[in-house]
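All chains, please: the whole structure from these sequences, using the hints.
Chains as they are written, first to last, in this note's numbering: chain A, 1 to 296; chain B, 297 to 578.
Derived from the structure by calculation, the hints contain no laboratory data.
Cβ atoms here follow ideal geometry from the backbone N, Cα and C, with glycine treated the same way.
Keep in mind that a hint or two might mislead.
Unchecked claim - To be clear about the criterion: a stretch of chain A counts as covered by chain B if any three or more of its residues have a C-beta under 8 Å from a C-beta of chain B, and this derived list gives those stretches:
#1 63 to 77
#2 113 to 122
As the list claims (entries may be wrong) - Calculated lysine to aspartate or glutamate pairs in the EDC-like style (CA-CA distance at most 20 Å, straight line):
#3 A/K12 to B/E472
#4 B/K533 to B/E543
#5 A/K245 to A/E191
#6 B/K486 to B/E469
#7 B/K431 to A/E45
#8 B/K533 to B/D440
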Amino acid sequence: MASSTRVTFPNKFLPYLLLAPQLAITAIFFYWPASQAIYQSVLREDPFGLSTQFVGLDNFRRVLGDPNYLNSLQVTVIFSVATALIAMALALLLAVMADKVIRGKGIYRTLLIWPYAVAPAIAGMLWLFLFNPSMGTLAHLVRSAGYNWDPLLNGDQAMVLIVSAAAWKQISYNFLFFVAGLQSIPKSLIEAAAIDGAGETKRFWTIVFPLLAPTTFFLLVVNTVYAFFDTFGIIHAVTGGGPGKATETLVYKVYNDGFVNLILGDSAAQSVILMIIVIGLTAIQFRYVERKVHYG
Amino acid sequence: MIQNNPVGRLIAHVILIIGILIVAFPIYYTFVASTQTLQEILRPPLSLLPGGHFWENYSAALFGGVGRIGGVGVDRLLFNTLVMALGIAIGKICISILSAYAIVFFRFPGRMIFFWLIFITLMLPVEVRILPTYKIMVDLGLIDTYTGLILPLMASATATLLFRQFFMTIPGELVEAARVDGAGPWRFFKDILLPLSKTNIAALFVILFIYGWTQYLWPLLMTNRNEMSTIVIGLRKMISFADADTEWHLVMVTCILAILPPILVVVLMQRWFVRGLVETEK
Numbered sequence: 001m002a003s004s005t006r007v008t009f010p011n012k013f014l015p016y017l018l019l020a021p022q023l024a025i026t027a028i029f030f031y032w033p034a035s036q037a038i039y040q041s042v043l044r045e046d047p048f049g050l051s052t053q054f055v056g057l058d059n060f061r062r063v064l065g066d067p068n069y070l071n072s073l074q075v076t077v078i079f080s081v082a083t084a085l086i087a088m089a090l091a092l093l094l095a096v097m098a099d100k101v102i103r104g105k106g107i108y109r110t111l112l113i114w115p116y117a118v119a120p121a122i123a124g125m126l127w128l129f130l131f132n133p134s135m136g137t138l139a140h141l142v143r144s145a146g147y148n149w150d151p152l153l154n155g156d157q158a159m160v161l162i163v164s165a166a167a168w169k170q171i172s173y174n175f176l177f178f179v180a181g182l183q184s185i186p187k188s189l190i191e192a193a194a195i196d197g198a199g200e201t202k203r204f205w206t207i208v209f210p211l212l213a214p215t216t217f218f219l220l221v222v223n224t225v226y227a228f229f230d231t232f233g234i235i236h237a238v239t240g241g242g243p244g245k246a247t248e249t250l251v252y253k254v255y256n257d258g259f260v261n262l263i264l265g266d267s268a269a270q271s272v273i274l275m276i277i278v279i280g281l282t283a284i285q286f287r288y289v290e291r292k293v294h295y296g
Numbered sequence: 297m298i299q300n301n302p303v304g305r306l307i308a309h310v311i312l313i314i315g316i317l318i319v320a321f322p323i324y325y326t327f328v329a330s331t332q333t334l335q336e337i338l339r340p341p342l343s344l345l346p347g348g349h350f351w352e353n354y355s356a357a358l359f360g361g362v363g364r365i366g367g368v369g370v371d372r373l374l375f376n377t378l379v380m381a382l383g384i385a386i387g388k389i390c391i392s393i394l395s396a397y398a399i400v401f402f403r404f405p406g407r408m409i410f411f412w413l414i415f416i417t418l419m420l421p422v423e424v425r426i427l428p429t430y431k432i433m434v435d436l437g438l439i440d441t442y443t444g445l446i447l448p449l450m451a452s453a454t455a456t457l458l459f460r461q462f463f464m465t466i467p468g469e470l471v472e473a474a475r476v477d478g479a480g481p482w483r484f485f486k487d488i489l490l491p492l493s494k495t496n497i498a499a500l501f502v503i504l505f506i507y508g509w510t511q512y513l514w515p516l517l518m519t520n521r522n523e524m525s526t527i528v529i530g531l532r533k534m535i536s537f538a539d540a541d542t543e544w545h546l547v548m549v550t551c552i553l554a555i556l557p558p559i560l561v562v563v564l565m566q567r568w569f570v571r572g573l574v575e576t577e578k
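Pasting the structure below:
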């Protein structure tokens, strides 16, 4: 970048004034609570809140040694991987198909993007309406086919339900990015391969898919972040972390331990661990962005 | 020569239509349920065609006072959600366009430190600092207020980054010309920068409106009184499988009413929506 020194305005105080609203909100609602979370994560409060003492990394040790926490870590990983894979695979299929058709592109796009506007919690409810055992029509069909379907009692089935809802909502987002990615692949490359006799499937796996790698990688990170954090509403509205703890993800556990069970130190330690995970994911995302800038 | 493959195209159309059916079905099913009576909903399988109780159910939910959630009407919940979504969208755009303006068009001590302070907030979503943020809201007396629902969600690094990126593409000659003509920073901002940013603002507005409308964790924490609740939270409170009195037909109507406004925004402002989405990259 030939960054010749920018032409700027000479004012001394105005820029601070312009920055003030955002900085004030950021300081009060981001930095202050985040530092509180870090501070509390090394303290232990007695159950009556009368005395606190410094316990170093004890909270972290306890949290990481807690089988419930390891369970929710496992739940989160299964949930995120399943959601990301399903949402991305379906979106990629639809995007490749949309790239092929000539007529009706616009209509297909319009009809595929609206789940983006549905709140995650409501996405969960829509799927619950379809699949709850007492009145869901699809649950009724599954059961009359002889399958014992009850996501309110069976943990694996509850997981299937929330993964479906979470993936369903994310298809539109991935679809738009894959369409954009496909459009940026030079048609001449694909035509050259066709002339060389490569069939359609072969062209896809040897040319299109590798060239989509940056988009795919970017979406993988975004979908993981989505599955980690934005799906709280789905879990809260559909399963409440249950049955048992079969669908208790990390974020749901922070909420549950902090607000329902009121274990402050543990909840704070979990918050800090989550913060580290977000920082890691964001760092990966930005390394990708940088690479995209360099190579085109 | 690759494009001329009618069979392949036909298969593509078929797969797309199946995809659309999967994507649309849950919403369609809920719409169908919202036009049925309670008895019909409780006796699956449901017919796949809308029933004849559209006006009855919708007017009951909106005006009849039947679909009240803890004594609060659906209209009130929709209004709260609208205030929250608009507040977040407009507030975020205002504060981030101002801070991006300061960072790009001025030179002052601490500029990069401030930029990084804003940038790092990307890594602090509400979910990782739930409890302490809640405590601050209680201390400030912001529980059950619109300010409490809106203000903390207004600060965002993404909007600032987007405006910053766009401002950097504005040629310095424009600033110089403005200064030669005697325009101060305010005139430049109002007469040149704002008109140039119109498309970016529209794109961001769509994304942020949907972001605000679909919030869940934050309003769940911030509101205790039902009359300050948002539609999504209200809907969650209406649903109870254990309770035999749950009026499912009205739940379905409320559900449709809750998803209609953001869907309309996405579909009607599709051009800006797609642009905003692909450019902010979340």
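How the hints compare with the structure:
no., hint, in the structure
1, 63 to 77, "violated (count 0)"
2, 113 to 122, "holds (count 10)"
3, A/K12 to B/E472, "holds, 18 Å"
4, B/K533 to B/E543, "holds, 12 Å"
5, A/K245 to A/E191, "violated, 52 Å"
6, B/K486 to B/E469, "holds, 17 Å"
7, B/K431 to A/E45, "holds, 16 Å"
8, B/K533 to B/D440, "holds, 17 Å"
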